[in-house]
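Asker: Read off the chains here:
Protein chains: 2
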Amino acid sequence: MPADDLRTFFEPSGVVLVGARRNLGFGYGIPIILEAHGWKDRIYLVNPSGGELHGLPVYPTVAEVPDPVDLAVVLTPAPVVPKMLEEIGERGIRHVVIESAGFAEVGESGTALQVESAAIARRYGMRVIGPNCVGLVNTANSFSTVEIIDEAFVPGPTSIIAQSGVFGNCLLDLLHEFRLYVSKAVTLGDRMDVNECDVLDYLKDDPETGSIMMYLEGAADGARLKETLAEVTRIKPVMVLKSGRTPAGRAATVSHTGSLSGEDRLYEAVFTQTGTIRASNLEGLVEMARIFSTQPPPKGNRLGIVTGSGSLGVMATDTAVSYGLQVPALPETVAGKIREEAPGWMNVKNPLDVGPSWMFAKALTALLEEPDIDMVLAITIIPYSVFKDLYDKGLDGRGWFGDIAELKEAYPEKPLVICAVGHSDFVSHMAEVAGPKVPIYVSPEPAARALAAHYYYWTWREGSGEGGFRQCY
Amino acid sequence: MPADDLRTFFEPSGVVLVGARRNLGFGYGIPIILEAHGWKDRIYLVNPSGGELHGLPVYPTVAEVPDPVDLAVVLTPAPVVPKMLEEIGERGIRHVVIESAGFAEVGESGTALQVESAAIARRYGMRVIGPNCVGLVNTANSFSTVEIIDEAFVPGPTSIIAQSGVFGNCLLDLLHEFRLYVSKAVTLGDRMDVNECDVLDYLKDDPETGSIMMYLEGAADGARLKETLAEVTRIKPVMVLKSGRTPAGRAATVSHTGSLSGEDRLYEAVFTQTGTIRASNLEGLVEMARIFSTQPPPKGNRLGIVTGSGSLGVMATDTAVSYGLQVPALPETVAGKIREEAPGWMNVKNPLDVGPSWMFAKALTALLEEPDIDMVLAITIIPYSVFKDLYDKGLDGRGWFGDIAELKEAYPEKPLVICAVGHSDFVSHMAEVAGPKVPIYVSPEPAARALAAHYYYWTWREGSGEGGFRQCY
Chain C
1 MPADDLRTFF EPSGVVLVGA RRNLGFGYGI PIILEAHGWK DRIYLVNPSG GELHGLPVYP
61 TVAEVPDPVD LAVVLTPAPV VPKMLEEIGE RGIRHVVIES AGFAEVGESG TALQVESAAI
121 ARRYGMRVIG PNCVGLVNTA NSFSTVEIID EAFVPGPTSI IAQSGVFGNC LLDLLHEFRL
181 YVSKAVTLGD RMDVNECDVL DYLKDDPETG SIMMYLEGAA DGARLKETLA EVTRIKPVMV
241 LKSGRTPAGR AATVSHTGSL SGEDRLYEAV FTQTGTIRAS NLEGLVEMAR IFSTQPPPKG
301 NRLGIVTGSG SLGVMATDTA VSYGLQVPAL PETVAGKIRE EAPGWMNVKN PLDVGPSWMF
361 AKALTALLEE PDIDMVLAIT IIPYSVFKDL YDKGLDGRGW FGDIAELKEA YPEKPLVICA
421 VGHSDFVSHM AEVAGPKVPI YVSPEPAARA LAAHYYYWTW REGSGEGGFR QCY
Chain E
1 MPADDLRTFF EPSGVVLVGA RRNLGFGYGI PIILEAHGWK DRIYLVNPSG GELHGLPVYP
61 TVAEVPDPVD LAVVLTPAPV VPKMLEEIGE RGIRHVVIES AGFAEVGESG TALQVESAAI
121 ARRYGMRVIG PNCVGLVNTA NSFSTVEIID EAFVPGPTSI IAQSGVFGNC LLDLLHEFRL
181 YVSKAVTLGD RMDVNECDVL DYLKDDPETG SIMMYLEGAA DGARLKETLA EVTRIKPVMV
241 LKSGRTPAGR AATVSHTGSL SGEDRLYEAV FTQTGTIRAS NLEGLVEMAR IFSTQPPPKG
301 NRLGIVTGSG SLGVMATDTA VSYGLQVPAL PETVAGKIRE EAPGWMNVKN PLDVGPSWMF
361 AKALTALLEE PDIDMVLAIT IIPYSVFKDL YDKGLDGRGW FGDIAELKEA YPEKPLVICA
421 VGHSDFVSHM AEVAGPKVPI YVSPEPAARA LAAHYYYWTW REGSGEGGFR QCY
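So the protein lines, in turn, are chains C and E. Number 144 in my numbering belongs to position 144 of the first sequence; there are no gaps in the numbering. Number 196 in my numbering belongs to position 196 of the second sequence; there are no gaps in the numbering.
Any given hint might turn out to be false.
Chain copies aren't distinguished; within one or between two, either way the pair holds.
[Claimed, not checked] Dumping the calculated EDC-like pairs for lysine to aspartate or glutamate here, alpha-carbon to alpha-carbon at most 20 Å: (1) 337 <-> 369; (2) 388 <-> 205; (3) 408 <-> 116; (4) 437 <-> 406; (5) 388 <-> 150; (6) 236 <-> 341; (7) 408 <-> 340; (8) 83 <-> 341; (9) 337 <-> 177; (10) 226 <-> 268; (11) 388 <-> 151; (12) 349 <-> 205; (13) 204 <-> 263; (14) 349 <-> 108; (15) 388 <-> 35; (16) 362 <-> 221; (17) 226 <-> 116; (18) 388 <-> 177; (19) 83 <-> 372; (20) 226 <-> 406.
Just so you know, the hints here were simulated from the structure itself, not pulled from any lab data.
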């Protein structure tokens with residue numbers, strides 16, 4: 001099936017919501033959100049009770065819905081779904097999102113219902129996302145079958161594939177807080193038809209998608225997943241959080257999205273062989289995605305670290321080296337510049353601990369312009385009481401650490417991340433100083449780990465880093 | 001040297017600040033903070049220029065400082081320190097904190113200065129904390145030689161030993177945001193005299209210290225560290241973040257606090273043999289400390305999980321099992337209670353995914369009262385747009401997930417932690433619902449890992465869990 005066959009899911013002309021509900025609960029807010037984002041004239045509600053809802057007419061049957069309508073979103077209880085699919089098929093609609101739960105994930109009776117529904121869909125030549133999901137989001141045209149907040153509609157370069165609905169939904173609630181903005185998000189649920197490979201194929205050619213975050217419990221088709229990933233990762237980074245790593249975890253997935261997740265080492269092999277970057281946990285996935293969505297490919301693995309705390313420099317070094325980066329001796333050109341002004345107590349090394357000197361900005365600039373340093377981690381730290389004193393006297397983070405956003409503009413081709421440790425007000429302030437193009441982390445380890453994942457992917461893609469790297473970040 | 005010898009550091013009768021500075025910068029705020037916390041009549045400033053500062057008289061020499069004064073805090077440039085130590089010794093003061101940098105951490109000349117200073121200190125029978133540190137905090141009497149914020153003075157059961165000054169200081173800036181409150185904090189710096197073992201010995205017998213967090217780059221004395229830890233961990237949990245895990249990281253520590261950190265596997269062996277809980281990174285250390293400071297010992301390792309998202313339940317299970325916990329089949333008594341009211345789509349298992357049903361509170365209560373479940377992880381999640389709708393209509397997190405703080409009161413003897421995934425406003429709200437006695441995490445993995453560390457420690461301490469656990473959390 002051509003990947004382009006999914007386009008209507010993301011760019012429908014008109015949408016019918018089958019089973020639009022009148023009381024609070026799952027799915028209630030979908031028409032409200034669509035109306036608020038400019039879809040009022042292109043959404044149609046269906047509910048046997050008719051009447052009106054959210055200021056829109058409610059059609060008793062799908063047959064009565066006027067044109068244009070090429071996508072159906074089903075919210076009814078599971079037992080009614082087959083009947084609704086017939087109505088949808090008769091109406092000539094070929095793209096359906098089934099959000100209703102109660103299918104393969106609940107055992108025998110649900111599986112029977114899913115088989116029956118799939119047969120109907122096939123008969124009508126339908127593509128189906130779900131059941132047991134929350135559908136999808138496309139920020140480019142502000143289309144969403146998910147009840148998300150306004151901030152999640154801000155367009156960005158990251159696309160998401162999540163097997164689970166609620167989880168995908170809540171991911172969209174929090175990513176904007178990490179300044180991670182989304183192009184498309186799809187939740188797959190029980191995968192009656194559309195699976196992660198279909199979506200990967202689609203996103204591969206989607207010009208608005210720069211990189212892909214995926215949450216997977218088990219592959220719909222292991223061989224195809226391997227094939228698909230091998231193709232996609234040559235064009236775009238794919239980051240995956242694969243759960244069901246342990247037998248107990250796998251047992252839990254069976255009852256969740258009705259998938260059999262298989263031995264973890266098989267997945268590990270697939271990810272390793274296809275250059276897919278695996279996150280070890282939810283935080284890791286988000287940490288990496290922030291670098292992939294903002295930083296250019298590094299030219300090598302030589303990391304320069306400037307820090308206001310020796311300890312945090314040591315922690316960053318430990319992590320960076322453990323994950324395959326180098327923290328080389330400070331290049332002599334940089335060392336020379338620093339020594340000119342360094343106080344006696346400063347050790348001019350890499351990691352470069354500038355302590356309470358005023359040399360942070362100078363050191364950061366020197367590392368950014370040094371050709372023998374491939375990526376830079378700047379660890380900003382200052383006791384909060386000192387920060388407040390200085391801030392009140394007109395000296396902000398730019399004064400202490402340099403205008404980091406401006407430095408990024410000046411050296412756009414070198415990956416730069418910052419870490420700000422301490423009080424949340426200090427961290428927020430530093431996020432402003434860093435600007436939207438420099439990811440900020442609240443401790444050094446995740447920053448170093450994410451940089452290592454970034455390096456791993458790009459060397460793999462250029463064919464020079466097949467081995468020697470950790471596969472789980 | 002008896003541990004009690006350190007008492008004056010924490011409970012001085014009067015304090016002289018040698019080298020009190022007149023302009024903004026390191027140490028400037030110390031007299032201001034001490035004055036604000038009731039120490040105005042017990043602090044004395046010394047600076048050759050005399051006059052007045054912060055509304056206090058400035059004495060030109062230590063000799064002129066009136067009684068009572070039994071602790072000196074030295075803030076002068078390093079080269080002046082030996083002379084100041086002589087003045088302090090002559091004045092009869094036997095406890096000294098040297099915050100000045102420029103000693104062993106900067107190489108040969110600094111080492112010579114440190115040797116010279118140590119000789120003077122020994123001659124006068126002084127105990128010295130530092131140099132190259134920020135001294136200490138005691139929340140019980142609001143005493144601090146560190147410029148910390150008011151929130152960091154809130155007393156709590158956790159004490160801190162940090163080799164690094166700035167890092168220790170900034171840790172105090174952020175811990176209160178995790179509702180982690182401190183009894184005592186000591187930063188060690190270059191350890192001219194007082195080292196981590198001295199402080200461990202002191203904290204072991206300190207009635208206000210419940211558990212100890214330690215950041216270490218290298219042991220001052222490996223054999224003594226092992227001996228000391230073996231004693232302390234039989235009485236109080238000790239959590240350690242040991243950096244310098246890699247050769248590159250170790251190379252960086254040499255220049256930082258002048259310590260030789262040695263092979264990591266030696267430390268690993270010491271921690272394993274003494275039941276010391278090792279954190280793999282800064283986040284891990286904080287995550288664990290939150291459980292140790294609030295939760296009772298578990299009776300076993302059988303974890304019950306209730307969740308609003310199947311995916312997060314699977315992730316929690318993977319982590320829990322990887323770190324040595326069990327996620328057993330749901331006990332029949334619990335399953336029976338749930339089945340009574342469960343909708344058809346619900347899988348009554350452990351982890352128990354209650355989905356969008358109203359059964360979260362009921363399930364959580366059933367797990368808490370079940371004797372065959374030893375600890376409980378409650379994963380609260382709800383799409384933020386739905387949460388806002390319900391909240392506006394008067395239904396808050398207590399309505400959805402139960403009054404968690406009240407449940408903790410009702411079942412105080414079972415470890416309970418919660419996880420809230422999504423928008424930060426939702427997380428903040430759930431932190432209120434959880435109350436001060438239930439730690440809240442923003443993703444399932446750290447919660448499960450911290451529970452595993454908690455279990456590890458208590459079984460080790462009771463002598464039943466010598467092997468079979470991971471040593472790094």
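Asker: None of the hints should be skipped; say for each whether it holds.
Answerer: The hints, checked one at a time:
no.	hint	verdict
1	337 <-> 369	within (12 Å within a copy, 65 Å between copies)
2	388 <-> 205	neither (49 Å within a copy, 36 Å between copies)
3	408 <-> 116	neither (56 Å within a copy, 46 Å between copies)
4	437 <-> 406	within (10 Å within a copy, 44 Å between copies)
5	388 <-> 150	between (33 Å within a copy, 13 Å between copies)
6	236 <-> 341	neither (44 Å within a copy, 47 Å between copies)
7	408 <-> 340	neither (24 Å within a copy, 59 Å between copies)
8	83 <-> 341	neither (78 Å within a copy, 27 Å between copies)
9	337 <-> 177	neither (37 Å within a copy, 39 Å between copies)
10	226 <-> 268	within (11 Å within a copy, 38 Å between copies)
11	388 <-> 151	between (30 Å within a copy, 14 Å between copies)
12	349 <-> 205	neither (45 Å within a copy, 41 Å between copies)
13	204 <-> 263	neither (27 Å within a copy, 46 Å between copies)
14	349 <-> 108	between (64 Å within a copy, 16 Å between copies)
15	388 <-> 35	between (44 Å within a copy, 18 Å between copies)
16	362 <-> 221	neither (53 Å within a copy, 38 Å between copies)
17	226 <-> 116	neither (29 Å within a copy, 66 Å between copies)
18	388 <-> 177	between (24 Å within a copy, 17 Å between copies)
19	83 <-> 372	neither (66 Å within a copy, 45 Å between copies)
20	226 <-> 406	neither (41 Å within a copy, 49 Å between copies)
Figure legend: structure checked against the earlier numbered hints; hints not met, in rising order: 2, 3, 6, 7, 8, 9, 12, 13, 16, 17, 19 and 20.
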